[in-house]
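As you go down the protein sequences, you meet chains A and B in turn. Position 7 of the first sequence, counted from 1, bears residue number 7 in the working numbering, the numbering being contiguous throughout. Position 145 of the second sequence, counted from 1, bears residue number 145 in the working numbering, the numbering being contiguous throughout.
For the record, the hints were derived by calculation from the structure and aren't laboratory data. Some clues are possibly wrong.
One copy or two, either will do: identical chains are not told apart, so a pair holds if it fits within one copy or between any two.
[Said to hold, decoys possible] Here are the computed lysine to aspartate or glutamate pairs in the DMTMM-like style, where the Cα-Cα straight-line distance is at most 25 angstroms:
hint : residue 1 : residue 2
1    : Lys-31    : Asp-181
2    : Lys-31    : Glu-190
3    : Lys-31    : Asp-75
4    : Lys-50    : Glu-35
5    : Lys-31    : Asp-112
6    : Lys-50    : Glu-178
7    : Lys-20    : Glu-122
8    : Lys-50    : Asp-63
9    : Lys-50    : Glu-145
10   : Lys-31    : Glu-62
11   : Lys-20    : Glu-135
12   : Lys-20    : Glu-35
13   : Lys-50    : Glu-92
14   : Lys-20    : Asp-87
15   : Lys-31    : Glu-145
16   : Lys-50    : Glu-62
17   : Lys-20    : Glu-194
18   : Lys-31    : Glu-178
19   : Lys-20    : Glu-62
20   : Lys-50    : Glu-147
21   : Lys-50    : Asp-71
22   : Lys-20    : Glu-36
23   : Lys-31    : Glu-122
24   : Lys-31    : Asp-63
25   : Lys-50    : Asp-181
26   : Lys-20    : Asp-46
27   : Lys-31    : Glu-64
2 protein chains.
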Amino acid sequence: MSAMERLVQEFSRLPGVGPKTAVRMVFHLLKRPPEEALRLARALEDLTRKIHPCRECGNFTEDELCSVCGDPSRDRGLLCVVEEAFDVGAIERAGRYRGVYHVLGGRLSPLDGIGPEQLGVERLLARVVGGGIREVILATNASVEGEATAVFLEGLLRPLGPRVTRLARGIPVGSDLEYVDGSTIAEALEGRREM
Amino acid sequence: MSAMERLVQEFSRLPGVGPKTAVRMVFHLLKRPPEEALRLARALEDLTRKIHPCRECGNFTEDELCSVCGDPSRDRGLLCVVEEAFDVGAIERAGRYRGVYHVLGGRLSPLDGIGPEQLGVERLLARVVGGGIREVILATNASVEGEATAVFLEGLLRPLGPRVTRLARGIPVGSDLEYVDGSTIAEALEGRREM
Chain A
1 MSAMERLVQE FSRLPGVGPK TAVRMVFHLL KRPPEEALRL ARALEDLTRK IHPCRECGNF
61 TEDELCSVCG DPSRDRGLLC VVEEAFDVGA IERAGRYRGV YHVLGGRLSP LDGIGPEQLG
121 VERLLARVVG GGIREVILAT NASVEGEATA VFLEGLLRPL GPRVTRLARG IPVGSDLEYV
181 DGSTIAEALE GRREM
Chain B
1 MSAMERLVQE FSRLPGVGPK TAVRMVFHLL KRPPEEALRL ARALEDLTRK IHPCRECGNF
61 TEDELCSVCG DPSRDRGLLC VVEEAFDVGA IERAGRYRGV YHVLGGRLSP LDGIGPEQLG
121 VERLLARVVG GGIREVILAT NASVEGEATA VFLEGLLRPL GPRVTRLARG IPVGSDLEYV
181 DGSTIAEALE GRREM
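With the hints as extra help, turn the sequences into a complete structure.
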């Protein structure tokens, strides 16, 4: 396989990149000064060398603790459980949450062989048993698997004492009812609040 | 800047990759074994080291001559002039062309400072003056700049003797007239052929 074909193949493994896009990327790099491809290569090597999971929560970091766990002003009594490290970014960008996180690294998915052990559920339970956590917010995705994961975790967490909550379901801000699916509307009705 | 931010920035330079896609790519790689990112890094380095323009036509190759110029069965009397190396691939995939190529590496674009010197037009003329070329097919893009480039080249090439042609304009195969723009229909009428 030629160097071009090999790079096309490697680019194609990235999410959202089909073979045609991969070819465009390769030709783009061939038109640019070689430093550009080398800078990308260098950044990839750095990623594998420097980034690892936060010792505390599993979020990605270059240090021992991630920026959230390393921030003394965060409320350690409030623990938000998410599926993936990028979910931490999504919640942080919303700018409302002042607690800490726990990254599962996936969701229960028996068909893919992902059970409680693969998700390191024991590590989560150990954190809660460790004490001081008033509330666990289960912020797994609103998908079938995310929901199943939340229900499973709730069964384990509730007996340990903390309040166990999940994110509200409802109409996304800014959307027209006309385009919202029926199950979301049903959830929004169910969860309706006094004005 | 952290290793993650730097890689997001480098990915964002690729065509068709916005900041959000770049973030997804980085998180994808962080979930995979590090070998995957390193294989991509290696492929990028290989690209810059091994790939260079074909001595004859300017197409990209790992050898001295590209696969077309190195093929003794190709008709050296027929020269197809394209803007970019990836246009060679597009024509080759069509499977009908048996001549050789000349890659300009761009199109005339005075606003971007791309004139005849930047395109190496002299190298093209030298090939034609060198003799043995019966026909030059100007296969620049059907854009305003591609068209201007073809007209400019035709003016230089015709006095040298070879037949100078360009790709037919017309209705793309498989498309409904309803969705074809007016100038294409006008060109198709202009170029209509006996059945």
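Under the constraints set out in the numbered hints, which ones does this structure not fulfil? 1, 2, 3, 6, 7, 9, 11, 17, 18, 20, 25
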